[in-house]
Amino acid sequence: MSERNLLVLVELVGGEPDDSAYELASEARKLAGGGTVAAALIGSGVGEAAQTLTAWFDRIHVYDDPQLAQPDGEAAAELLTTLVERDRPWATLVPHTNNGMDAAPVLAVKTGCPLVADCLSLEAADDGLKAVRTVYGGKVHARVSVRDAGQGLMATVRPGSCTTAEAPGAGGEIVTETVPADLVPHRRFVETIAPEAGAVDLTQAEILVAVGRGIEEEENLEIVQSLAEALGAEVACSRPVVDKNWLPKNHQVGTSGVTVKPKIYIAVGISGSFQHMGGLKGGGFIAAINKDPAAPIFNVADVGIVGDLFDIVPLLEEKVRELKG
Amino acid sequence: MEIIVCIKRVPDVSEAELDIDRSGQGIDEADLVYGINEWDNFAIEAAVQLKEAHGGTVTAITVGGEDDEEVLRRALAMGADEALHLRDEAFEGSDARGIATILHKAISSRPHDLVLTGAISGDEGSGHVGGMLAAMLGIRQVALATALTVDRSRATVRHEVEGGLERVVELDLPALVTVQTGLNEPRYVSIRGIRKVSGMEIPVAGAADLGIDPATVGLTGAQVVTEELFIPPRGEGAEILEGDDDDMVDTLIERLREHGGL
Numbered sequence: 001m002s003e004r005n006l007l008v009l010v011e012l013v014g015g016e017p018d019d020s021a022y023e024l025a026s027e028a029r030k031l032a033g034g035g036t037v038a039a040a041l042i043g044s045g046v047g048e049a050a051q052t053l054t055a056w057f058d059r060i061h062v063y064d065d066p067q068l069a070q071p072d073g074e075a076a077a078e079l080l081t082t083l084v085e086r087d088r089p090w091a092t093l094v095p096h097t098n099n100g101m102d103a104a105p106v107l108a109v110k111t112g113c114p115l116v117a118d119c120l121s122l123e124a125a126d127d128g129l130k131a132v133r134t135v136y137g138g139k140v141h142a143r144v145s146v147r148d149a150g151q152g153l154m155a156t157v158r159p160g161s162c163t164t165a166e167a168p169g170a171g172g173e174i175v176t177e178t179v180p181a182d183l184v185p186h187r188r189f190v191e192t193i194a195p196e197a198g199a200v201d202l203t204q205a206e207i208l209v210a211v212g213r214g215i216e217e218e219e220n221l222e223i224v225q226s227l228a229e230a231l232g233a234e235v236a237c238s239r240p241v242v243d244k245n246w247l248p249k250n251h252q253v254g255t256s257g258v259t260v261k262p263k264i265y266i267a268v269g270i271s272g273s274f275q276h277m278g279g280l281k282g283g284g285f286i287a288a289i290n291k292d293p294a295a296p297i298f299n300v301a302d303v304g305i306v307g308d309l310f311d312i313v314p315l316l317e318e319k320v321r322e323l324k325g
Numbered sequence: 326m327e328i329i330v331c332i333k334r335v336p337d338v339s340e341a342e343l344d345i346d347r348s349g350q351g352i353d354e355a356d357l358v359y360g361i362n363e364w365d366n367f368a369i370e371a372a373v374q375l376k377e378a379h380g381g382t383v384t385a386i387t388v389g390g391e392d393d394e395e396v397l398r399r400a401l402a403m404g405a406d407e408a409l410h411l412r413d414e415a416f417e418g419s420d421a422r423g424i425a426t427i428l429h430k431a432i433s434s435r436p437h438d439l440v441l442t443g444a445i446s447g448d449e450g451s452g453h454v455g456g457m458l459a460a461m462l463g464i465r466q467v468a469l470a471t472a473l474t475v476d477r478s479r480a481t482v483r484h485e486v487e488g489g490l491e492r493v494v495e496l497d498l499p500a501l502v503t504v505q506t507g508l509n510e511p512r513y514v515s516i517r518g519i520r521k522v523s524g525m526e527i528p529v530a531g532a533a534d535l536g537i538d539p540a541t542v543g544l545t546g547a548q549v550v551t552e553e554l555f556i557p558p559r560g561e562g563a564e565i566l567e568g569d570d571d572d573m574v575d576t577l578i579e580r581l582r583e584h585g586g587l
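Protein chains in written order, with my numbering: chain A, 1 to 325; chain B, 326 to 587.
Worth flagging that the hints you see were computed from the coordinates, not collected in a lab. In this text, a Cβ means the ideal position worked out from N, Cα and C, and glycines have one as well. Every clue listed holds true.
Which stretches of chain A does chain B cover? Using the computed rule of at least three CB atoms under 8 Å from a CB of chain B, they are: (1) 10-19; (2) 140-152; (3) 189-199; (4) 313-321.
Between the sequences and the hints, there should be enough to build the whole structure, so can you do that?
Shown next as structure tokens:
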């Protein structure tokens, strides 16, 4: 079997397809071997998004209904179960985003499809799918295989791990799907919360000094703040610092925080989880200071110092201040 | 309110140098320190706080070997009322669905108004066990909770969604919620606290007790099979600076200047 049909669940951010939609379209196209690449688009008032997707997919299954205005993993799983059972794609690809994690496991159980989580790369095999995924916080990679028992396969794919090809100009057909009238009585939407705007807008900062778990104690933040001051930079952080309430949420860079695009990013005591790196865009210069030589941050940084941040950071500050006179 | 919290013991790999073992399918465990999965610690705290506010019981459950009992003791020390250890050779090598299947069999036969799990585990990290378990139990679920309150038969959950946003939703109990880090401040567990619960009996249940066909779980039943582990190529992108602190910092400043940072 060389022709395979695939289905991609499109994630919408602010009403527009997320980058992951194009990454998965490209990856699905590679796996399809000439087969059909379809999308499932779920939301309210998504006509324009569907049009955009016609360049990328052969078919776009559109679920457009006011009930679907707020993304809801359970509603998505319910709709896709019907679609997967009807069309039985060889594989269904879901972005490994917050919403994807909400929907995929439910969908896998409802459809009976084997599900492999958080894949970095996928490869079709004779009897199923092979994937590379990370384990142990990204320090180890695993080659895994999933066998197709006839129901089709499922994978969630880490955003940013697949390359987006040129839009194939697929001229996709838009298929309007029916949404059951009583679909979403399960979750009642209350409100959406955006991070409070802080005194500074990190998204506009040219230089960021970002601090992570390695800082150990709240009072140690001072050395990072003082380095930022010397550099004329703003202070950002990774999740553990916000979890401990040492810095407000609007300082958190990551897929569950702020997306930034500085020219220079200095990561201090940050291991470099994909959730954190997912908030760093724009291809700026990344410097990492971490005592753990195996920290995943060194795989994505441009320059790295393996060392004790409590020695390196004050020394760096001192030298920067000397230089600036 | 009957609360079940599903927890797991994992190695702390945050600063550990990891090596692949001889089988090529696991990591060398000899020098690793094990403890409660970070996300699960927040889940236990959430369960205990809800019980303290609304009454009821908290039952902590883990699937694992003998050594994994330690996290159940820890949960008891934090305030869980009961613990259940799902232990059987047949469970070894289970994938996410296998673990969910085992938990499902154990939970479906007991009262459960609220089931909590950590959103992710620090070892396998699929983030899918909770959602699968909810689907098997046929109850509502929400992933990645950052706040959770319960009012009679209704849970209000704030959870992380797209574009750095959070969404607040209400759902009827019974429900399953997967918990993000930072949801609360997990209480400190002292050695004395652990000692206090050392006499509590922790029941063990295996495949036969739960009515599980061993062929559907463990390595035999796994749909996702690990063929090989490997350490990703290190420092692919980074120029790792050399020399003493002075040299390294001087070079770093040079690089920052080249890229317009000074």
